Amino acid sequence: MFGERPYAAVSTAELAQRAGVARGLINHYFGNKRDLYLAVVRRMVTLPRQDKVSIPDGTPGERVDAIVGWLLDTIVEHGTTWVKVTSHEGVGDDPEVQQILDQADDAAAERMLVMIGRADLADSAPLRALVLAYAGLVKVAGREWITRGTLTRAQVHRLLADTLLTMITETIPSVLRTDPAGR
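The sequence shown runs contiguously to residue 185 in the numbering used here.
By construction, these hints were calculated from the structure, which means they are not laboratory data. Being a predicted model, the structure only gives us computed values, none of them experimental. Fair warning: there could be bad hints in the mix.
Taking CB as the label site, the calculated pair distances span [what the hints assert, rightly or not]: (1) VAL78 with GLU172: 25 to 31 angstroms; (2) HIS30 with ASP125: 37 to 43 angstroms; (3) ALA135 with ARG20: 33 to 39 angstroms; (4) GLU16 with VAL116: 36 to 42 angstroms; (5) ASN29 with THR173: 46 to 52 angstroms; (6) THR180 with GLY119: 19 to 25 angstroms; (7) THR152 with MET3: 20 to 26 angstroms; (8) ALA41 with ALA11: 14 to 20 angstroms; (9) GLY33 with GLU6: 20 to 26 angstroms; (10) GLU64 with LEU178: 19 to 25 angstroms; (11) ARG150 with PRO128: 30 to 36 angstroms; (12) PRO62 with MET3: 36 to 42 angstroms; (13) PRO62 with GLY22: 44 to 50 angstroms.
Virtual Cβ for every residue (Gly too), placed ideally from N, Cα, C.
Turn these sequences into a full structure, and let the hints guide you.
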């Protein structure tokens, strides 16, 4: 429901009714609507375990295609709810939501560096920032695909795969050449 309507337009009573449970059960497990929303945000931005993706040992292009396919599968699984919580359309400028999103972005950046075979660069602030910038592209492209319909999944896949492959083959090596420590 948080993906269908603005946060303020969703009531705990409606959530309970839609879930087929008593309202008190939601209150028991989550406290209040805001706490439930924060739990939804955490769930939407937490990437599935890495062992759920099979990265081939092939060419960088094959590896990137597998990574991007996995990302898009994750996005489509949650649809508009993922778009809402990752684009700050939820409860607005909420510091707790922002903290959850920042932690998720950091974890995703580290995961991406591991997946592209560069876990050794996880402590490099500039390289993590490059991956975070890529995550911003993922979010916008996901929104254009899932909610606006201006891009197809295939178009988003191509955009994200081409960008990631360029990062791996050109951008990251260039940054490392200018600062071998990646600082």
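Do the hints match the structure? See the list:
1. Between VAL78 and GLU172 the beta carbons are some 29 angstroms apart, a value that agrees with the proposed interval 25 to 31 angstroms.
2. Roughly 41 angstroms separates the CB atoms of HIS30 and ASP125, a value that falls within the hinted 37 to 43 angstroms.
3. For ALA135 and ARG20, the Cβ-Cβ distance of about 37 angstroms falls inside the hinted range of 33 to 39 angstroms, so the restraint holds.
4. Under the hint 36 to 42 angstroms, the C-beta atoms of GLU16 and VAL116, about 40 angstroms apart, fit the expected range.
5. A hinted range of 46 to 52 angstroms holds for the C-beta pair ASN29 and THR173, which are about 48 angstroms apart.
6. Separation of THR180 from GLY119 is about 21 angstroms and conforms to the stated range, judged on CB atoms against 19 to 25 angstroms.
7. Taking 20 to 26 angstroms as the suggested C-beta distance range, the pair THR152 and MET3 conforms, at roughly 25 angstroms.
8. Distance hint check for ALA41 and ALA11: the Cβ-Cβ separation is about 19 angstroms, which falls inside the suggested range of 14 to 20 angstroms.
9. A C-beta distance of roughly 22 angstroms is found between GLY33 and GLU6, which places it inside the suggested range of 20 to 26 angstroms.
10. For the pair GLU64 and LEU178, the beta carbons lie near 23 angstroms from each other, so the given range of 19 to 25 angstroms is met.
11. Here the CB-CB span from ARG150 to PRO128 is close to 32 angstroms, well matched to the stated 30 to 36 angstroms.
12. For PRO62 paired with MET3, a C-beta distance near 41 angstroms keeps the hint of 36 to 42 angstroms intact.
13. At roughly 47 angstroms, the beta-carbon separation of PRO62 and GLY22 lies within the given 44 to 50 angstroms, and the hint holds.
The structure fails none of the hints (numbered hints given earlier).
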